[in-house]
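Chains as they are written, first to last, in our numbering: chain A, 4 to 554; chain B, 7 to 186; chain C, 122 to 471.
Calculated directly from the structure, the hints in this document are not laboratory data.
All C-beta atoms in this analysis are idealised placements derived from N, C-alpha and C, irrespective of residue type, glycine included.
Certain hints may be false.
Claimed, not checked - If you want the footprint, here are the derived chain A segments under chain C, 3+ residues with CB under 8 Å: (1) 151 to 163; (2) 169 to 179; (3) 413 to 426; (4) 503 to 509.
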Amino acid sequence: MPSLAVLAPIVIPLGAAAVITAFGLAGVDVGRITCAAGAWGSVAALLVLWLSVRSTQELNLGALGFGSSLLLRIDAVGFAFGLIITVPAAVLLSLQPRTWQEATVAIVGVAAAVTAIESGGVVLTALAGGTAATLAVVQLDTEDVKAPRPSWGVLLGSWLALSWAGVIFEAGAGTDGFAAVPVARLTVPVFALITVAALGASGLFPWRSWPAQLWSRPSLRAAGMSVATLYPLGFYLLVREYDIGDGRYPQPALNGLLAGLGVAVALGAAIRAQGAPNRREFLGEVIPGFGGFALMTIALGTPLGLVAGLLSLAIAGALTACLALLPDRAGLASLVAIAAAVGLPPGLAFGARVLGIESTFEAGNSIGLIGLAGAAAWVVWIVAAARAVGLPAGRDTAVAETFPRIALAIAAATIVAGPALAAFQTAFANPAQGEVMTGSAAGSVAGGLVAVETVSTVLPALTLFIPLLAMAVIVYAFAGKAPVRGQARPALFTIPGRETSARLWAAIRAARVPEQYRSVVDLRAIEPAAAGGHAVLWLAALAALVFAVTR
Amino acid sequence: MIAAVAAFLGWLGVSIIVLADGRRGLAVGLAVATTGLAAIAWQEGDGVAALIVMGGGAAAAVLRYRAGPGGWVVMPPGSTPRLILCVAGGLVALWFAASVTIGPDGATRFAVLSVVGLSGARIVSSREPSSVVTAVATLALAAAVATRLGAGSPGLVPYVAAALIAAGALLLPVRVADAF
Amino acid sequence: MPSDLATCLPLLIAAAAALGLAVVMSPARISRTALLARGGTGLAGMVAIAGAPSLDLLVLALLVLAVLHASLPGKRDFSSRLQMPVVAVVLIVLALVFARVQGPELLQRLAAVGIAAGLAACVGLLPYIHVLEPEDMVAVSPTVWIGFVGPVAATAILVRARGLLSLDAGTDLGAMLVGLGLVNMLWGTLAAWRAESSTRAWHYSFMADWGLALCGFGLTVADGQAAALLILVSIVFGRLPLYLASRQALRENQSADRPINLMVAAVLAGSAPFAGFAARVLLLRGATQMSWPLALVLAAGMLLWLPVSLRLGRTLGQPRGRQALGVGIVIAANAVVGLYPLPLLTLASR
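All chains, full assembly: derive it from the sequences and hints.
As structure tokens, this is what we get:
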């Protein structure tokens, strides 16, 4: 395979964008077809590139001018995350109607996200990821300027922080390549910088942040694309940190810290989900819930944890497409989507969570407590799901944007594919884990197409889940259709002190400088003095400069 | 001795420019400053440069004499601060040239510092275009003479440029601010 | 090609392109001939500044430009428009005198002060802000200094000052530039955010970008100089044309939140993939090599660009026809330079 082919997953969507723009300017809207071709073309290119060679392919097109070169590579990690991003994006771009301008921005956003995944160095990843973030914000604001969107400042700050980490590598090690930076350069401060960037880029916070807020927008076109392209990027950085650190983070305590944060994110999403006033808000917490579990397991630093995390992300990607196409009304599609989201057996989500919690116990020591907390969060999710079945609808999206049958098919596929967990793990997640944890001493994940073998146990996915699937189908067939009336339901529990903290936060936001001191900090009053052309100010500045250099 | 007199003429000329508001006063000030600066250049051994400075300054002075506010108007009422500026500026320049710095070009240093400083102050503090443009001409000539302070020969280009600026500035039509 | 001229070449090309774009985008009521004549004169002056073999001739060229600019008809009078550029000329001439005469080492440091202050006065940065009359045409406003002539003048001054000052004085100059840079960054972003008039907000946003450029110039490593050059290019062929495109909407008090406004905000904020982001990466690289606390301050300060940029992006209104084309060209050019700045930097380093 010629190395130039590494460009294909990026160039194909960009080419599609050029075609859409050219036709659009000429008054012909070919957005949806061309978008679909571009996005699926990118998926196909990734599959062909990886499956035909199954080893790392690189392409270095020379220096760019800001200290990094245009180094692109496709390895197992890039392949995995590439699919996590491009497949849901391709589904959404193929189905949802968009103006040609929106389609252009969306497909270029996909290209930018794929570039971030394929970048061989930290700075280039920051540039591409920052571009994807910018385009996502443009998409969201173009669609509806008043609806919730990610804080542009947080996104910009995150990618800037990553670029700073990259230049620290360049300054200290002479390179910022993921595979080339010496392990010793990943110090705790630099690790913290990259991790903060990752958490900010994906909105991985215990409180309600943009991955949840976007789902309450009137239209889910831009929201779905933004979550599909941006959300996995933060996790990508966390996985690449293993690459830089030769399979581990600089300090074991950092693994525990991040895993604890992951559990907090999952628990936070679960608590909000069980108190959601309507179905839309419940479903809005699904992706953050998956993200929390993924963070919990990826951060453990064990092969099983990483595998479980990657599986969770893949399922989250599929559910992103599902939720964006799901109409907000009661029905089979909503029911199956909720079942898939919450991780009911024998779905892929169920298998991934079982592996994830198993990985916390295998990690040992106090990490097991994190696993217990994760299990508790899962229980809360199940209860929340049962409650959500009868919740009223939120704000429904336009009929033209929803495809209930496709959403049902995606959700059902993640459940029905549960028995194939082992195959999925072997083909998809294990190679990525092996790529970044070559020197790991914590064992490995083995097994084949039938079972997942961990250090301490074996999960016979195929043989166990198929009977479970059969039982689920039988139960559903005999259960019949019971009418579900959407109505407001009380939350299972409320967090004590929540109202107090909300009032405190509102008071802080409303705080103002007292009237009698405003003139001291009133920039508008200072402005005429500074910009009014007063010679006294010039002389004073000159005197200050002289003093500064002569003292 | 000649250098000292030339330097003094330079200071005197720019002081007249600072103190005068009428075109005659400005023209005389410009002429005196030009004479001083040209003498400095001639004293340094560059006769051609001195001629160029003299030519440019003289042309500017003639042009100023023909256009601008009428009369001399030297030291009009309220010009005490300007007088103090001239004296203090001269003293500071003298101190720098004679005491802080060393070397044989003391007169050049004094002339340049005083002319540049005072003409700059005149431009910054005045609203009358005639006096501002006159000060600009003086500033340009002083900047050219200042090139003599560096090592090596600066050539004639700075002097030619300064002379052209001095004469050209006086030819430029200067408008007042728009009424609306 | 002399290295001094080579360093300014990308800026001259950017300025010429910006002038061309301004002529193309200008509304019918403004005489394109007059705009071309004035801009062409400015460009000629910039070429003279960049090509001047010594700082003395550079200063004289600056004086000529200042007088010509001040003599253009406008709301402010000749004298007030000439003030600050003349202060710059006086400070630089005095700096030259101090640098050349024999005397204590202190004189070299005073020369450095003169260069730094003179540069700030020439461009119109805090504390030597040129007085802005929002109703004035752009060609007669201080925007000419801060966004058109200033970048070339500042680069040329600093390139020549390198050979003039002693090592210690050079270090002092660098430190002063960083200090002025940080002050202007802070002032520019906060004042642009809080200013009542959008025209003033635009003007202060130029100052904020200049703050970054001064920090780049003050870092004595190659990355800092490269960062400064990129920022100045993004000012001349980014911020300036976008400001010109927004003038009509500013007069008519229009604002809009369309995709093009958001893209403009992204360009102005230095977001990826535009030139500002590449410049920020280089600046962080240079600052990290010199002092990581400075890099931290710079990184934190860079976030202040966002609220300002969103505000300024809206003031573009809904550009149509040639204006929309011009804005599109600026966005595309900034993206190209941001993704691949190497040719520009190579051109400057010849």
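Hint by hint, which ones does the structure fall short of? Violated hints (numbers, rising): 3 and 4; every other hint is consistent with the structure.
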